[in-house]
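Residue numbers (the working numbering), protein chains in the order written: chain A, 1 to 288; chain B, 1 to 288; chain C, 1 to 301; chain D, 1 to 301.
Keep in mind that a hint or two might mislead.
[As the list claims (entries may be wrong)] List time: in silico DSS-like cross-link candidates among lysine-lysine, alpha-carbon distance up to 27 Å:
(1) B:Lys120 - B:Lys29
(2) D:Lys54 - B:Lys39
(3) C:Lys208 - D:Lys301
[Said to hold, decoys possible] Stretch by stretch, here's where chain D covers chain B in the computed footprint (C-beta under 8 Å, at least three residues):
(4) 38-49
(5) 128-134
(6) 252-259
The set of hints was computed from the structure by calculation and includes no laboratory data. Note that the Cβ used here is the ideal one computed from N, Cα and C, for glycine as well.
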Amino acid sequence: MVINDGHSVGLSFLRFGDRMNVPQVIEIKKIIEETPTIKTFIFDWTMVGENIPTPGQFVMVWNFKDEKPMSVSYIDVHKGEFGITVKKVGPFTEDLHSLKEGDKLGIRGPYGNGFDTNLKGMRVLAIGGGVGMAPIASFTEEALRKKAIVDVVCAAQTKDELLFDERLKARGAKVYTCTDDGSCGFKGFATHRVLQLIEHKEYDWAVVCGPEVMMRPLYGSLEAHMIEGEYSMERYMKCAIGVCGQCCVDKTGWRICAEGPVFSSDQVSEIVEFGKFHRTASGLKEYF
Amino acid sequence: MVINDGHSVGLSFLRFGDRMNVPQVIEIKKIIEETPTIKTFIFDWTMVGENIPTPGQFVMVWNFKDEKPMSVSYIDVHKGEFGITVKKVGPFTEDLHSLKEGDKLGIRGPYGNGFDTNLKGMRVLAIGGGVGMAPIASFTEEALRKKAIVDVVCAAQTKDELLFDERLKARGAKVYTCTDDGSCGFKGFATHRVLQLIEHKEYDWAVVCGPEVMMRPLYGSLEAHMIEGEYSMERYMKCAIGVCGQCCVDKTGWRICAEGPVFSSDQVSEIVEFGKFHRTASGLKEYF
Amino acid sequence: MLKTNLCGVRLKNPLMLAAGVLGSHASSLNWILESGAGAVVSKSFSKDPNDGYKNPTTVAVEGGIINAIGLSSPGVEAFKEELEDVNRVKGRSIASIYGANPEEFAYVAGKVEDLVDMIELNVSCPHAMEGYGASIGQNPKLTYDVVNAVKEAVDVPVLAKLTPNVTDISEIAVSAENAGADGLTLINSLGPGMKIDIVTGNPILANKFGGMSGPAIKPIAVRCVYDAYEATDIPIVGVGGIRNYADVVEFLYAGASAVQIGTSIMYEGPEIFGRISSDLEEFIEDSEFDSIKDMVGFGHK
Amino acid sequence: MLKTNLCGVRLKNPLMLAAGVLGSHASSLNWILESGAGAVVSKSFSKDPNDGYKNPTTVAVEGGIINAIGLSSPGVEAFKEELEDVNRVKGRSIASIYGANPEEFAYVAGKVEDLVDMIELNVSCPHAMEGYGASIGQNPKLTYDVVNAVKEAVDVPVLAKLTPNVTDISEIAVSAENAGADGLTLINSLGPGMKIDIVTGNPILANKFGGMSGPAIKPIAVRCVYDAYEATDIPIVGVGGIRNYADVVEFLYAGASAVQIGTSIMYEGPEIFGRISSDLEEFIEDSEFDSIKDMVGFGHK
Ligand SMILES: Cc1cc2nc3c(=O)[nH]c(=O)nc-3n(C[C@H](O)[C@H](O)[C@H](O)COP(=O)(O)OP(=O)(O)OC[C@H]3O[C@@H](n4cnc5c(N)ncnc54)[C@H](O)[C@@H]3O)c2cc1C
Ligand SMILES: Cc1cc2nc3c(=O)[nH]c(=O)nc-3n(C[C@H](O)[C@H](O)[C@H](O)COP(=O)(O)OP(=O)(O)OC[C@H]3O[C@@H](n4cnc5c(N)ncnc54)[C@H](O)[C@@H]3O)c2cc1C
Ligand SMILES: Cc1cc2nc3c(=O)[nH]c(=O)nc-3n(C[C@H](O)[C@H](O)[C@H](O)COP(=O)(O)O)c2cc1C
Ligand SMILES: Cc1cc2nc3c(=O)[nH]c(=O)nc-3n(C[C@H](O)[C@H](O)[C@H](O)COP(=O)(O)O)c2cc1C
Ligand code: FES
Ligand code: FES
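Hey, can you work out the whole structure from these sequences and the hints?
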């Protein structure tokens with residue numbers, strides 16, 4: 001018995017599903033500075049049953065002041081490690097960025113449905129905007145492992161902020177970078193880069209994660225080209241266990257934390273608020 | 001879904017051990033009049049895991065007014081049936097005797113440790129006094145099935161009250177009857193009958209259930225003849241799940257409902273109150 | 001067979017969504033109605049917008065969860081839009097409201113009464129009128145005042161939802177009845193409870209304490225319903241830990257005319273309503289009862 | 001390393017047997033001491049013998065049990081014989097007593113004070129002095145009177161064991177402190193709760209209602225300890241749902257100086273005391289704490 005694994009001993013009478021819903025306080029094993037504003041945090045993790053994260057799933061991260069959702073950006077079931085990749089955008093993420101290796105965080109999850117990665121032999125276009133590359137990275141690695149052919153469009157505002165382009169290139173994906181300012185690769189928005197690509201190349205499947213203002217037009221283009229796929233959404237989250245209703249989307253009522261965060265193209269067409277608005281903590285609508 | 005099995009559906013979220021601890025209200029399938037004062041009640045029972053009764057175990061029987069312990073006197077795992085055998089001695093048992101087939105009772109359990117029945121090839125002397133024959137009957141059938149050689153001393157006050165002598169004879173046990181009034185078999189107490197037997201016949205193991213005033217001298221005789229074995233005890237019971245402490249015995253503190261009701265000869269030697277006193281519902285000692 | 005009636009409002013079945021669970025948007029309320037609920041209760045909302053507490057707002061405990069969402073609400077004006085979109089053809093719509101004092105309750109109730117079939121008063125929130133941290137529903141007089149003010153303001157039936165965290169729930173129930181409540185909803189979440197992380201010593205919920213819900217609280221909820229049934233003569237809606245039809249039967253026997261389901265949606269999803277409906281129907285068919293009404297209070301004998 | 005001190009009484013570890021669980025005989029109390037408990041609390045006993053309620057007296061619920069044993073007791077004269085046989089070399093012996101009024105409490109306490117290390121007052125039993133069915137521990141004034149009477153009658157330290165079934169536990173805790181209690185034990189069983197058989201409609205417990213105990217009540221027990229720690233300055237004994245060392249740590253952090261274990265013996269047997277002791281020792285070795293005392297109240301920051 002050691003203190004960390006002791007903690008799970010302490011939970012051993014909760015049923016499995018319940019145990020997942022209590023933050024496990026664990027040490028940050030490694031921190032990787034990915035870009036000036038983005039860091040990856042690696043943790044040791046017991047890989048059993050529902051505890052094993054899959055690409056597209058997320059965890060709730062507790063810094064003892066607040067708790068927020070973060071996608072799983074890195075999964076090594078064999079080594080018993082997973083990672084999250086965090087962009088500094090406000091108080092919580094700033095606090096995470098101030099942490100050092102060995103510091104502790106509470107983690108519960110993984111939650112949500114995740115991407116379909118059984119895409120053997122399929123030509124897949126994976127598109128990530130900004131820190132939206134986090135789940136795209138774990139997706140791409142898993143899809144490649146399952147013998148999909150993956151092209152990645154890796155978009156950022158500027159060269160320094162490109163995330164995981166090298167990592168995925170090294171894994172065998174073809175990576176198209178694209179920056180708003182043209183500092184690396186295509187100059188312009190991911191939307192345009194993708195349009196160019198799909199007009200010249202055949203794809204069987206697309207996987208998209210990024211700001212909804214990016215995903216909305218992308219969805220239009222991909223649909224127009226009859227490329228089905230999956231889209232990962234974000235909404236303000238409280239419980240992450242499907243009870244509070246905070247993350248439900250119009251008109252279907254689906255919970256981003258349970259039925260999502262990944263939705264098929266067909267499902268996306270039913271989510272009328274997609275790309276239009278989301279809701280704040282109080283429940284008020286905020287238009288993009 | 002039917003109403004009875006529906007009831008267990010209703011319990012399906014309790015963990016197994018917890019579910020056992022809620023009375024299952026079921027119909028009396030069959031009632032057998034064994035003697036003028038003793039009836040056997042047969043129930044259908046789901047035979048899975050800890051739910052499967054073994055000889056020497058007991059159940060708690062709820063008649064919607066009170067709840068009392070009764071030994072399992074009959075077990076058919078294959079047919080999914082078990083039975084209890086009840087002697088009319090007071091308000092509760094009288095109420096049970098007034099019931100008809102199809103009437104309902106609540107049953108929880110089985111509880112307690114039960115007898116060791118892995119006695120292949122051993123020469124076993126099974127001794128039951130009065131309704132103490134209830135667990136002796138299920139023991140004998142199981143021990144015979146496991147290839148033990150079983151002699152039964154079946155004791156009662158009078159011929160009409162002899163319990164399960166025919167049943168066990170039919171199963172292949174050698175049955176010695178013994179009545180206080182000599183109306184059948186040996187005239188006198190079981191103690192004397194047993195003394196006679198063990199002076200002339202070799203036994204490797206003994207199993208005893210009956211009034212403690214009978215068991216106490218029997219224990220002396222069997223020990224003197226170096227015949228080890230197991231003794232089934234009764235104490236006033238409330239919870240039957242090992243928390244209330246009502247059934248604990250001096251000096252070891254063992255719970256009849258959990259560590260018992262069956263104790264080995266060695267254990268019996270540590271139970272100083274054995275054959276001397278028991279405790280009433282309030283906890284006051286009552287000497288035999 | 002499952003049809004019943006609560007305070008004059010017809011229900012296709014006695015199963016309702018509990019307040020605060022998937023109840024923030026019309027879209028999720030409609031989903032629950034389509035999943036088979038006879039009625040839905042909205043998340044409690046107030047006059048003005050409120051962010052609620054910081055996360056963590058929920059954590060699992062043995063047999064359920066504790067939560068301190070902190071009554072987040074977009075305010076009545078924004079919430080009216082949601083209520084307008086609830087599909088009242090599919091089932092009944094009930095607004096759960098809260099406020100700091102009787103006037104606020106009455107104001108919010110008046111704003112929405114035309115949009116809903118009933119109003120449920122969440123009198124379990126900390127109140128502003130006295131200095132200490134108790135809640136309206138822990139004080140018979142304050143409960144009376146709130147129920148009374150709302151009853152004077154609206155014509156739709158009014159349910160008073162009470163907290164179990166009182167010395168004597170019958171006393172509060174009788175107060176609410178005397179004030180004119182058409183029915184009672186029992187119970188709001190229990191405790192509160194707390195969970196402390198043993199590695200860091202931090203209480204896990206940002207608010208430290210949170211109300212307990214889920215299967216673990218059922219025995220206490222059933223007892224509260226049983227007590228209130230003996231103490232009052234108005235219909236009762238039972239809530240707390242229901243996860244299957246047997247739990248529903250238990251609440252009906254204890255005296256509930258209808259029930260609400262909240263936390264178990266976490267384990268079972270919205271499909272829980274359809275599943276329990278059909279199991280309950282089968283139970284009644286196999287039983288000697290002819291209707292839900294027959295079963296109400298059967299445990300009192 | 002686990003050694004600690006409660007109201008001046010030294011304990012080899014902070015684990016105690018809770019009242020009413022395997023506490024009716026010296027023999028079972030000694031077994032628990034041998035299994036590693038630092039102290040044992042007897043089943044609550046009274047002046048005169050009492051049979052308690054009819055069976056069923058316990059039934060399982062999600063995460064625990066409900067019980068209505070009904071305070072069966074052989075009476076103080078008979079119970080003195082048991083207390084005399086408790087092996088106080090192995091650990092501490094605490095008598096839990098109850099009565100109908102302050103005089104009865106004081107009488108029983110006086111009868112046994114020479115035989116025990118401490119006395120725990122079970123003020124959660126229905127009282128005779130007023131007409132209704134509440135209990136002494138639900139009334140600050142009655143609680144004060146009972147504690148006060150016993151404090152005047154005996155010299156050993158006195159713990160007041162409180163019920164969580166009140167609107168405001170801090171109020172009662174402060175009353176007990178003001179009356180001179182040396183410490184508080186929190187909590188007695190919760191609710192009460194009830195369970196109704198769905199086939200027959202019968203409440204399962206003969207008494208209909210019963211106090212809830214076991215892992216399911218832990219969040220509420222921890223919160224009560226946390227509240228009382230803030231409200232009072234006397235040591236607290238935490239009890240409710242403890243099943244492993246992590247639960248003990250949670251109670252210590254919440255403010256308990258020692259803990260009691262009851263229902264979990266049903267799942268784990270008396271060996272639970274030895275197991276938790278050694279797990280707790282390991283936890284402390286791996287932590288930055290030097291002693292139990294260091295951990296008490298660590299969750300308050
Ligand atoms: C399923 C999911 C996966 C996510 N994965 C990642 C990831 O891999 N990497 C990453 O950097 N970010 C991720 N996010 C976003 C991340 O949760 C927010 O950036 C973070 O909460 C911001 O908190 P803050 O205090 O730093 O900033 P704030 O200034 O508080 O918020 C900035 C924005 O973050 C969003 N946000 C704030 N709180 C929450 C909350 N409780 N739930 C959801 N969104 C919130 C809001 O849109 C807000 O406008 C994910 C969000 C979701 C829903
Ligand atoms: C483990 C065990 C197995 C038993 N197996 C059988 C059996 O197979 N057949 C059978 O006929 N009887 C059995 N008994 C005894 C049976 O429980 C009592 O005969 C019954 O409880 C009497 O209840 P009553 O109301 O009819 O009589 P009462 O007049 O109330 O009691 C008669 C005597 O029964 C005993 N008794 C009463 N209540 C209880 C109780 N709650 N727990 C234990 N003993 C009690 C007391 O010694 C009492 O003096 C068993 C008892 C135990 C402990
Ligand atoms: C996440 C969550 C939020 C809740 N919010 C409210 C609320 O806003 N208003 C209210 O009256 N009850 C609220 N409750 C209490 C529930 O309506 C219900 O009374 C309680 O959870 C017990 O039922 P359950 O065990 O089925 O969940 C909430 C419960 C949960 C779990
Ligand atoms: C069967 C049983 C009997 C109890 N009897 C008493 C009692 O006599 N006096 C008392 O103060 N508490 C009594 N309690 C309450 C326990 O001491 C304890 O406060 C409660 O069960 C919570 O702890 P647990 O969850 O560890 O059991 C009893 C509890 C149970 C389960
Ligand atoms: S965050 Fe609570 S339901 Fe999704
Ligand atoms: S009957 Fe309760 S401990 Fe055995």
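Structure-based check of all given hints:
1. B:Lys120 - B:Lys29: It is violated: about 33 Å lies between the C-alpha atoms, which goes past 27 Å.
2. D:Lys54 - B:Lys39: 24 Å, holds
3. C:Lys208 - D:Lys301: 11 Å, holds
4. 38-49: violated (count 0)
5. 128-134: Our answer is that it is violated, as 0 residues pass the Cβ test (under 8 Å) against chain D, missing three.
6. 252-259: Satisfied; 5 residues make the cut.
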